[in-house]
Amino acid sequence: MPSALPLGDPAPSDGLLPAQVLDGAAGRALGLYVHIPFCAVRCGYCDFNTYTAKELGGGASQDAYAGTAVAEVELAARVLEASGLPARRLSTVFFGGGTPTLLPAEDLASILTAAIAAWGIEEGAEVTTEANPDSVTPESLAILREAGFTRVSFGMQSAVPHVLKVLDRTHEPARVPQVVQWARDAGLAVSLDLIYGTPGESLADWQHSLETALSYGPDHISAYALIVEEGTKLAAQIRRGEVPEIDDDDHADKYELADRLITDAGLGWYEVSNWARTPEQACRHNLAYWRGDDWWGIGPGAHSHMGGVRWWNVKHPAAYAGRLAQGASPAAGRETLDRDTRAMERVMLEARLQSGLELAALETVGRHEVAGLIADGLVDPAAAFKGRLVLTLKGRLLADAVVRRILPD
Amino acid sequence: MSPMARTAPVPAATDPAIIRNFCIIAHIDHGKSTLADRMLQSTGVVQARDMKAQYLDRMDIERERGITIKSQAVRMPWEVDGVSYALNMIDTPGHVDFTYEVSRSLAACEGAVLLVDAAQGIEAQTLANLYLAMENDLTIIPVLNKIDLPAAQPEKYAAELANLIGGDPEDVLLVSGKTGVGVEALLDKIVTDLPAPVGDANAPARAMIFDSVYDTYRGVVTYVRVVDGMLHPRERIQMMSTKASHELLEIGVSAPEPTPTKGLGVGEVGYLITGVKDVRQSKVGDTVTNLAKPASESLSGYADPKPMVFSGLYPLDGTDYPVLRDALDKLKLNDAALVYEPETSAALGFGFRVGFLGLLHLEIVRERLEREFNLDLISTAPNVVYEVTLEDKTVMTVTNPSEFPAGKIREVREPMVAATILAPNEFVGAIMELCQGRRGQMKGMDYLSEDRVELRYWIPLAEIVFDFFDILKSKTRGYASLDWKADGEQVSDLVKVDILLQGEQVDAFSAITHKDKAYAYGVMMTGKLRELIPRQQFEVPIQAAIGSRIIARESIRAIRKDVLAKCYGGDISRKRKLLEKQKEGKKRMKMVGRVEVPQEAFIAALTTDDSKDKAKK
Numbered sequence: 000m001p002s003a004l005p006l007g008d009p010a011p012s013d014g015l016l017p018a019q020v021l022d023g024a025a026g027r028a029l030g031l032y033v034h035i036p037f038c039a040v041r042c043g044y045c046d047f048n049t050y051t052a053k054e055l056g057g058g059a060s061q062d063a064y065a066g067t068a069v070a071e072v073e074l075a076a077r078v079l080e081a082s083g084l085p086a087r088r089l090s091t092v093f094f095g096g097g098t099p100t101l102l103p104a105e106d107l108a109s110i111l112t113a114a115i116a117a118w119g120i121e122e123g124a125e126v127t128t129e130a131n132p133d134s135v136t137p138e139s140l141a142i143l144r145e146a147g148f149t150r151v152s153f154g155m156q157s158a159v160p161h162v163l164k165v166l167d168r169t170h171e172p173a174r175v176p177q178v179v180q181w182a183r184d185a186g187l188a189v190s191l192d193l194i195y196g197t198p199g200e201s202l203a204d205w206q207h208s209l210e211t212a213l214s215y216g217p218d219h220i221s222a223y224a225l226i227v228e229e230g231t232k233l234a235a236q237i238r239r240g241e242v243p244e245i246d247d248d249d250h251a252d253k254y255e256l257a258d259r260l261i262t263d264a265g266l267g268w269y270e271v272s273n274w275a276r277t278p279e280q281a282c283r284h285n286l287a288y289w290r291g292d293d294w295w296g297i298g299p300g301a302h303s304h305m306g307g308v309r310w311w312n313v314k315h316p317a318a319y320a321g322r323l324a325q326g327a328s329p330a331a332g333r334e335t336l337d338r339d340t341r342a343m344e345r346v347m348l349e350a351r352l353q354s355g356l357e358l359a360a361l362e363t364v365g366r367h368e369v370a371g372l373i374a375d376g377l378v379d380p381a382a383a384f385k386g387r388l389v390l391t392l393k394g395r396l397l398a399d400a401v402v403r404r405i406l407p408d
Numbered sequence: 011m012s013p014m015a016r017t018a019p020v021p022a023a024t025d026p027a028i029i030r031n032f033c034i035i036a037h038i039d040h041g042k043s044t045l046a047d048r049m050l051q052s053t054g055v056v057q058a059r060d061m062k063a064q065y066l067d068r069m070d071i072e073r074e075r076g077i078t079i080k081s082q083a084v085r086m087p088w089e090v091d092g093v094s095y096a097l098n099m100i101d102t103p104g105h106v107d108f109t110y111e112v113s114r115s116l117a118a119c120e121g122a123v124l125l126v127d128a129a130q131g132i133e134a135q136t137l138a139n140l141y142l143a144m145e146n147d148l149t150i151i152p153v154l155n156k157i158d159l160p161a162a163q164p165e166k167y168a169a170e171l172a173n174l175i176g177g178d179p180e181d182v183l184l185v186s187g188k189t190g191v192g193v194e195a196l197l198d199k200i201v202t203d204l205p206a207p208v209g210d211a212n213a214p215a216r217a218m219i220f221d222s223v224y225d226t227y228r229g230v231v232t233y234v235r236v237v238d239g240m241l242h243p244r245e246r247i248q249m250m251s252t253k254a255s256h257e258l259l260e261i262g263v264s265a266p267e268p269t270p271t272k273g274l275g276v277g278e279v280g281y282l283i284t285g286v287k288d289v290r291q292s293k294v295g296d297t298v299t300n301l302a303k304p305a306s307e308s309l310s311g312y313a314d315p316k317p318m319v320f321s322g323l324y325p326l327d328g329t330d331y332p333v334l335r336d337a338l339d340k341l342k343l344n345d346a347a348l349v350y351e352p353e354t355s356a357a358l359g360f361g362f363r364v365g366f367l368g369l370l371h372l373e374i375v376r377e378r379l380e381r382e383f384n385l386d387l388i389s390t391a392p393n394v395v396y397e398v399t400l401e402d403k404t405v406m407t408v409t410n411p412s413e414f415p416a417g418k419i420r421e422v423r424e425p426m427v428a429a430t431i432l433a434p435n436e437f438v439g440a441i442m443e444l445c446q447g448r449r450g451q452m453k454g455m456d457y458l459s460e461d462r463v464e465l466r467y468w469i470p471l472a473e474i475v476f477d478f479f480d481i482l483k484s485k486t487r488g489y490a491s492l493d494w495k496a497d498g499e500q501v502s503d504l505v506k507v508d509i510l511l512q513g514e515q516v517d518a519f520s521a522i523t524h525k526d527k528a529y530a531y532g533v534m535m536t537g538k539l540r541e542l543i544p545r546q547q548f549e550v551p552i553q554a555a556i557g558s559r560i561i562a563r564e565s566i567r568a569i570r571k572d573v574l575a576k577c578y579g580g581d582i583s584r585k586r587k588l589l590e591k592q593k594e595g596k597k598r599m600k601m602v603g604r605v606e607v608p609q610e611a612f613i614a615a616l617t618t619d620d621s622k623d624k625a626k627k
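For the protein sequence lines, the chains are U and L, in the order given.
Our numbering puts the first residue of the first sequence at 0, with every later residue one more than the last.
Our numbering puts the first residue of the second sequence at 11, with every later residue one more than the last.
To be clear, the hints were calculated from the coordinates, so they are not data collected in a lab.
One thing to keep in mind: the hints can contain errors.
To be verified - Only pairs whose alpha carbons sit at most 30 Å apart, straight line, appear in this in silico DSSO-like list of lysine-lysine:
id : chain 1 : residue 1 : chain 2 : residue 2
1  : L       : 585       : U       : 385
2  : L       : 485       : L       : 525
3  : L       : 587       : U       : 232
4  : L       : 585       : U       : 314
5  : U       : 232       : L       : 576
6  : U       : 393       : L       : 596
7  : L       : 576       : U       : 314
8  : L       : 585       : U       : 393
9  : U       : 314       : L       : 587
10 : L       : 585       : U       : 164
11 : L       : 596       : L       : 166
12 : L       : 597       : U       : 393
13 : L       : 596       : L       : 538
14 : U       : 314       : L       : 593
15 : U       : 53        : L       : 593
16 : L       : 597       : U       : 164
17 : L       : 525       : U       : 393
18 : U       : 393       : L       : 587
19 : U       : 314       : L       : 253
20 : L       : 585       : U       : 232
21 : U       : 385       : L       : 538
22 : L       : 166       : U       : 393
23 : L       : 593       : U       : 385
24 : U       : 393       : L       : 485
All figures in this text were calculated on a predicted structure; none of them were measured in a lab.
When you get a sec, could you build the whole thing from the sequences and use the hints?
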């Protein structure tokens with residue numbers, strides 16, 4: 000069962016945005032997220048909005064999806080213009096899922112082409128797609144590169160078969176170095192996604208996965224702790240005692256190991272769960288989320304943000320396709336953040352970054368906490384002296400607790 | 011069988027010779043209220059169609075728990091051999107916490123109906139009240155109730171009763187409050203067997219207060235039994251203990267609705283209304299006299315209620331403190347035994363240290379506060395009153411463990427009780443083991459019948475206030491009954507055990523225990539807290555200490571991970587809502603030094619497992 004959408008206000012059917020989004024828009028980068036809501040199998044831990052059926056009815060089939068997504072791209076361009084936003088070229092594009100590469104590369108290319116046609120794209124823009132090692136070929140990667148993709152993020156997750164099995168991942172570990180090589184050959188930057196803390200994964204298993212991933216020389220690594228989401232198959236298995244419970248201390252050990260090995264291999268952290276070989280190779284689309292930039296999310300259940308207005312689309316691909324077929328906005332709900340909420344979000348999001356949070360962004364009560372956070376070893380003192388809150392390794396593991404401490408009650 | 015009286019004797023003009031004042035002594039569930047209701051019906055004072063089950067127990071809690079907290083008196087006419095009599099039924103509290111109230115109710119009567127469940131036999135509390143009745147020289151009418159039950163064993167229990175009070179098992183009346191069988195015979199027997207009240211009609215008025223109840227509309231309603239002289243409406247009366255005087259706005263009898271009369275004469279039972287608003291103005295046991303023509307001596311037996319058990323009551327939500335204060339002020343109007351004073355706990359905030367007559371009293375007060383005033387409360391573990399003599403011979407009274415002095419103690423005295431336990435003889439071993447474990451000294455053991463035993467112990471009150479009764483019940487499969495009364499004090503080797511979280515003392519968890527039990531308390535409490543307090547960003551040692559000596563230690567490991575790895579495809583709203591929820595949760599935490607302790611942890615730590623089960627029911 001995919002996760003639920005937030006509760007918000009109704010979104011207007013024409014998708015028009017309130018005037019608030021105009022404030023400072025010219026200075027904010029514009030990103031595009033494209034959600035591909037299809038997977039070959041649903042992984043046991045996954046609560047993302049994705050479907051395994053080829054035919055979902057109502058024009059929501061995998062074959063028709065690219066056309067539907069393009070329809071939203073065109074609607075998005077009209078809405079941004081009608082809302083009075085300045086013309087901005089795309090700075091980053093990210094295709095996520097689901098499994099984007101389950102669609103033919105031509106379909107992904109056609110969506111990207113439509114987006115570039117609508118907005119234009121900046122010189123040196125970052126264009127990423129997530130990919131399953133099972134579903135790429137040298138040919139498909141070449142087509143993506145040709146269409147303008149610059150980067151591919153492979154869902155490697157683990158190098159250990161029994162861990163992959165618990166995760167319901169179907170790929171052969173040996174396929175990963177091959178697809179990494181194909182991507183490089185196609186001229187794409189490579190990121191590897193790893194998951195740690197899977198039930199049954201030992202510290203040695205995780206070390207093996209990390210070392211294996213690093214041996215492929217990726218430009219970027221994401222390492223996410225497994226979160227057991229309510230309603231997933233994995234949650235049910237844990238409840239029934241079929242797989243062991245998640246242990247936060249185990250997660251902490253594995254995070255520390257990851258940070259050490261990845262850093263030793265020459266990559267640096269730039270966000271709690273992300274490391275890049277050089278600052279330029281950090282995922283700029285990902286950073287845009289944490290920095291509060293503007294992005295439009297295409298696809299069912301996709302989230303968007305423009306200048307303090309957040310909205311999200313209807314979840315089911317059929318409902319989504321139906322809205323677009325009528326020329327209506329697929330937005331299901333939205334929220335317009337007030338000043339205090341935006342300030343709170345800024346603290347919550349920027350504290351996760353290596354670039355850190357300007358201490359001046361904190362209220363007095365929050366600044367008063369900083370000394371205690373330094374004493375507890377959670378905040379980097381040198382950065383704090385220069386006016387920025389940057390988390391230490393220990394602090395990154397307790398980032399949510401730190402955020403609660405520096406926000407007013 | 012006697013008929014319903016054709017004419018009822020008129021109050022204020024009733025010859026004491028035709029008055030019968032009686033009460034019913036019974037254990038909870040033995041059917042007192044049902045029998046009382048049936049008497050009201052048989053004597054015609056309440057029509058069947060007006061009958062609300064258990065007419066006399068007015069408060070909801072009383073009705074739910076099947077116990078009578080507040081007594082009342084009802085006047086009923088009954089005719090025997092062509093003479094109309096006035097029967098005053100005085101309803102007594104049935105529970106040991108209210109022994110004093112019971113004794114005053116008994117003092118207002120000449121006789122008592124001893125009502126025993128024919129399927130269960132007599133219980134310890136009933137036995138205790140029976141002793142009180144015999145001490146007051148009351149004539150006892152033994153009755154077995156619920157004879158309609160298939161499990162009734164009238165022969166067995168009639169023998170037991172006869173054995174206890176003397177007399178023949180044949181003389182024990184068999185009734186069923188439920189079907190009405192035997193009720194009229196009982197009314198007849200009350201008339202024929204109980205003595206009429208005796209008093210001096212010409213002497214200055216003296217009436218004993220046996221109950222006072224606060225009524226929202228009428229103020230305090232005082233229930234009295236006139237011993238000498240007569241009270242009239244509109245005259246000024248005086249309370250002999252306080253010398254306070256009031257105008258008698260109304261005087262009357264309950265029949266069972268309040269019915270004003272021209273007065274109350276010798277032997278009569280009724281109510282007074284003076285317009286006062288606080289039951290403390292009308293103390294149970296006090297003597298009412300006429301201000302213009304006062305009696306020289308008050309009636310004997312008056313005593314101030316003395317709280318035996320103390321507990322701290324704190325609102326779960328600190329902003330409810332004024333609500334709690336107002337609620338206690340209101341309950342006090344109707345509960346002369348309730349005492350309290352403001353108290354501050356570092357851990358629990360602002361609250362009250364409240365004194366109770368016993369554990370049931372505590373539970374009732376707490377439940378009324380929660381139910382009638384919509385309060386959520388934390389109560390600290392109940393404790394007794396200690397008398398501490400310091401080395402310089404200063405004497406301190408300690409009602410709160412956190413006030414227990416550190417060091418320089420010469421001796422500590424703790425209150426003792428005489429406890430009586432009745433149980434089938436197969437449980438004697440288990441009961442003796444329990445009582446010895448609770449520092450009890452056996453004072454005697456008697457067989458009430460072939461298989462029922464009465465055990466008498468001298469035992470510290472502190473050992474029975476917390477969970478003794480529950481454990482006794484579970485060790486005897488529910489068969490044992492317990493009664494106790496205060497019985498002096500003893501010098502004991504008592505210490506205060508403090509609980510420290512990260513070096514900070516948590517006052518709410520301090521306890522005074524016997525030296526030999528301090529370690530067990532320390533281990534139990536530190537272990538419990540280790541389970542209940544969530545991990546913090548730093549290690550939290552939990553220690554139990556006597557003074558500066560650590561006797562038990564646990565520690566809560568620091569939490570190492572508290573971060574969400576990802577943001578769900580740009581769903582920042584979800585992340586923010588989670589953060590807001592976590593922050594709300596943080597607000598409900600109580601801070602002990604730097605340690606965030608959830609309120610649930612306090613509640614759980616202060617609750618025995620058993621009372622948790624009770625809360626679920």
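Between residue 525 (chain L) and residue 393 (chain U), is the straight-line Cα distance small enough, at 30 Å or below? Distance of about 44 Å is beyond 30 Å: violated.
Holds or violated: are the alpha carbons of residue 166 (chain L) and residue 393 (chain U) at most 30 Å from each other? Since the Cα atoms of residue 166 (chain L) and residue 393 (chain U) sit roughly 75 Å apart, the hinted pair is violated (cutoff 30 Å).
Under the criterion that the straight-line Cα-Cα distance not exceed 30 Å, is the pair residue 597 (chain L), residue 164 (chain U) satisfied? violated, 42 Å
Is residue 393 (chain U) close enough to residue 596 (chain L), meaning Cα to Cα at most 30 Å? holds, 21 Å
30 Å Cα cutoff - pair residue 393 (chain U), residue 485 (chain L): violated, 52 Å
Would you mind confirming whether the straight-line C-alpha gap from residue 385 (chain U) to residue 538 (chain L) stays at or under 30 Å? violated, 45 Å
Does the alpha-carbon distance linking residue 585 (chain L) and residue 314 (chain U) stay inside the 30 Å limit? Distance of about 18 Å is within 30 Å: holds.
Is it true that the CA of residue 393 (chain U) sits at most 30 Å from the CA of residue 587 (chain L)? holds, 24 Å
Holds or violated: residue 585 (chain L) and residue 232 (chain U), Cα atoms, limit 30 Å. holds, 22 Å
Taking 30 Å as the top limit, are the C-alpha atoms of residue 585 (chain L) and residue 393 (chain U) close enough? holds, 21 Å
With a cut-off of 30 Å on the C-alpha distance, tell me whether residue 53 (chain U) and residue 593 (chain L) pass. violated, 43 Å
Given the hint that residue 314 (chain U) pairs with residue 253 (chain L), does the C-alpha gap stay at or below 30 Å? Violated - the C-alpha atoms of residue 253 (chain L) and residue 314 (chain U) are around 80 Å apart, more than 30 Å.
Against the hints set out earlier in the document, violations occur for numbers 11, 15, 16, 17, 19, 21, 22 and 24.
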